[in-house]
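Peer 1: Sequences are here, hints too, so could you generate the full structure?
Protein chains in written order, with the working numbering: chain D, 406 to 657; chain A, 66 to 319.
These aren't lab readings, by the way, just hints derived from the structure by calculation.
Ideal placement from N, C-alpha and C gives every residue a C-beta, glycine not left out.
There could be a bad hint or two in this list.
What the hints assert, rightly or not - Just the calculated beta-carbon pair ranges, DEER-fashion:
1) Val420(D) / Ser229(A): 18 to 28 Å
2) His493(D) / Phe301(A): 17 to 27 Å
3) Val102(A) / Gly524(D): 11 to 21 Å
To be verified - With the Cβ distance kept under 7 Å, some of the chain A side facing chain D (calculated, not the full set):
4) Ser79
5) Thr83
6) Phe103
7) Val168
8) Pro171
9) Ala281
Unchecked claim - Not close to chain A: a few residues of chain D, all C-beta gaps over 12 Å, as computed:
10) Pro443
11) Leu447
12) Trp451
13) Asp456
14) Gly461
15) Ala464
16) Leu468
17) Ile476
18) Leu575
19) Trp650
So the chains spell out like this:
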Amino acid sequence: MTNPTPLQRWRGGVVPLLLLVAAEWCLHGVQSDALAPPTRVLASLWEGLHDGTLLGASAQTLLAAVGGLAIGGGLGLLMGLWLGLARHAAAAAALSVELLRPLPSMALAPIALLVFGFGYRLELFVVAFTCFFPMLLLTQAAVRSVEPRLLEVAQVLGFSVGERAAKIVLPAALPRVFVAFRLSVGIALVVAVTTEIATNPQGLGYGLIAAQQALAPERMLALLVWVGLLGWGLSAGLLALERRWFRQGAPA
Amino acid sequence: MSNDRLNWRGAASSVTVTAVLLAGWAVVTHFEWVSPVFLPSPQATAQALAEGLRDGDLLALAAGTIERMVYGWVLASLIGMALGSLIGGSSTLRAWLQPMLEVVRPLPASALIPVFIALIGLSPAMVLLVIAFGAMWPVLLSTVHGFAAVEPRLSEVAQVLQLSRREFIFKIGLPNALPDALAGMRLSLTIALILAIVGEMLASQQGLGTAIVMAARSFRAAELFAGVALLGLIGFVSNALLGAAERRLLRWQR
Numbered sequence: 406m407t408n409p410t411p412l413q414r415w416r417g418g419v420v421p422l423l424l425l426v427a428a429e430w431c432l433h434g435v436q437s438d439a440l441a442p443p444t445r446v447l448a449s450l451w452e453g454l455h456d457g458t459l460l461g462a463s464a465q466t467l468l469a470a471v472g473g474l475a476i477g478g479g480l481g482l483l484m485g486l487w488l489g490l491a492r493h494a495a496a497a498a499a500l501s502v503e504l505l506r507p508l509p510s511m512a513l514a515p516i517a518l519l520v521f522g523f524g525y526r527l528e529l530f531v532v533a534f535t536c537f538f539p540m541l542l543l544t545q546a547a548v549r550s551v552e553p554r555l556l557e558v559a560q561v562l563g564f565s566v567g568e569r570a571a572k573i574v575l576p577a578a579l580p581r582v583f584v585a586f587r588l589s590v591g592i593a594l595v596v597a598v599t600t601e602i603a604t605n606p607q608g609l610g611y612g613l614i615a616a617q618q619a620l621a622p623e624r625m626l627a628l629l630v631w632v633g634l635l636g637w638g639l640s641a642g643l644l645a646l647e648r649r650w651f652r653q654g655a656p657a
Numbered sequence: 066m067s068n069d070r071l072n073w074r075g076a077a078s079s080v081t082v083t084a085v086l087l088a089g090w091a092v093v094t095h096f097e098w099v100s101p102v103f104l105p106s107p108q109a110t111a112q113a114l115a116e117g118l119r120d121g122d123l124l125a126l127a128a129g130t131i132e133r134m135v136y137g138w139v140l141a142s143l144i145g146m147a148l149g150s151l152i153g154g155s156s157t158l159r160a161w162l163q164p165m166l167e168v169v170r171p172l173p174a175s176a177l178i179p180v181f182i183a184l185i186g187l188s189p190a191m192v193l194l195v196i197a198f199g200a201m202w203p204v205l206l207s208t209v210h211g212f213a214a215v216e217p218r219l220s221e222v223a224q225v226l227q228l229s230r231r232e233f234i235f236k237i238g239l240p241n242a243l244p245d246a247l248a249g250m251r252l253s254l255t256i257a258l259i260l261a262i263v264g265e266m267l268a269s270q271q272g273l274g275t276a277i278v279m280a281a282r283s284f285r286a287a288e289l290f291a292g293v294a295l296l297g298l299i300g301f302v303s304n305a306l307l308g309a310a311e312r313r314l315l316r317w318q319r
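Peer 2: In structure tokens form, the structure reads like this:
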């Protein structure tokens, strides 16, 4: 393999850069309620970072996303371990899971609104419900894929269910469980922002809607860019961790 | 034979667990351990559902949501597959564009709703565009991925046969990318339903999304739960239909 030339390495950035330049050129000096030139968006982003509004809103959104993930994802993980290990329990739960899983996350927002009112609890509930199912199903699949001979060894050694989970299954399934966690982080952030846009007046999502209603396109687009950066950064960081910790990748 | 018995027992226990959960819901509401303002009984929910369906109110609302979801999803699938084939079919375009697509991918589609509102206004067209745009990404990216994963020897065969780009896309690329594209379409159907609900809520279009928000605001819990149950049913049925279609379309693979 020859080393890539600089053009080959950076060509992915060429088109976005050209698009940004074109946007700057087209929108310069244009008064619009919907669009703003990239330089003004950047300035607004800088300003938001400086006066702390952006970080405050990010903290609200991230707290809801991470908290919801911890609750829903944690429960999903435990239940996934259980259903992965106990075939009869998995068969018994199948119908209930299949009936509840396709519930669109945002349909639950009004229920949470009715029960909790505006605030963190509404968002935590919606995020937790949404993260529960992918974590459950992917963990269950990960446990199922554990080499059966390992489980036989555990049986011969007379391990209890808890010991089997802690000593054999979790270490073997960990790479794939981490993939499930990485996907769930992405889902949690998306759901948190969506809940804020649709119902809950706090965080980045509400900031987006508020900026649109205030006819401040540069603030709206700055928030959009920030949400994008946040999501991309989280997923890239987790992917890097995954490669570092489980270098050989998920065992087949 | 014994496997059959096991399946039967699994199905029976599965139904039992669901029935027990429903019974638990009924017991909780019967003794009012949770205020009926928040949690209506299953009977009240079923009654609200039956009444809504009989009057046709609920049916009309559901039809609005389904229509939005399906139109947006079809648009998203067509555009996603077309763009995905164009980009995926050429290794040059892939090299130049894929990094940008990967960066845009984790962006929540709902975060674009304010931008679309600012551009187009609170109209049905806005909701449709948001759905189409948001649901397009899984199809687009998985189609590109499917094209990239075409067996290199097949590409060589295409070169030897001097297939044109169009012939390559339709004869080799698309059939190869179909499993990926279909998996993307399944994900995008879920996204389409969620975006239809959010779009309705924000743009006050007639549909189940708006209806459940109104029901929640006026503390009509039974109607709220009936609407949510209906949305769950829409998600369940559409997913099952697509799964069946997928198995049929991909039968040649096995």
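Peer 1: Next, verify each hint and record whether it holds.
Peer 2: Against the structure, the hints:
1. Val420(D) / Ser229(A): 18 to 28 Å: Cβ of valine 420(D) to Cβ of serine 229(A): about 25 Å, so the range 18 to 28 Å holds.
2. His493(D) / Phe301(A): 17 to 27 Å: holds, 24 Å
3. Val102(A) / Gly524(D): 11 to 21 Å: Hint holds: Cβ distance 18 Å, inside 11 to 21 Å.
4. Ser79: At 4 Å from the nearest chain D Cβ, serine 79(A) passes the 7 Å test, so the hint holds.
5. Thr83: holds, 5 Å
6. Phe103: Cβ of phenylalanine 103(A) sits 5 Å from chain D, so the hint holds.
7. Val168: holds, 6 Å
8. Pro171: With a closest approach of 4 Å, the proline 171(A) hint holds.
9. Ala281: holds, 4 Å
10. Pro443: Answer for proline 443(D): holds, closest chain A Cβ roughly 14 Å.
11. Leu447: holds, 17 Å
12. Trp451: Answer for tryptophan 451(D): holds, closest chain A Cβ roughly 20 Å.
13. Asp456: holds, 21 Å
14. Gly461: holds, 18 Å
15. Ala464: Non-interface label stands for alanine 464(D): nearest chain A Cβ at 18 Å, farther than 12 Å.
16. Leu468: holds, 17 Å
17. Ile476: It holds; isoleucine 476(D) is separated from chain A by about 19 Å at its closest Cβ, greater than 12 Å.
18. Leu575: holds, 26 Å
19. Trp650: Nearest chain A Cβ is 21 Å from tryptophan 650(D), so the label holds.
Of the hints listed earlier, there is not a single one the structure fails to meet.
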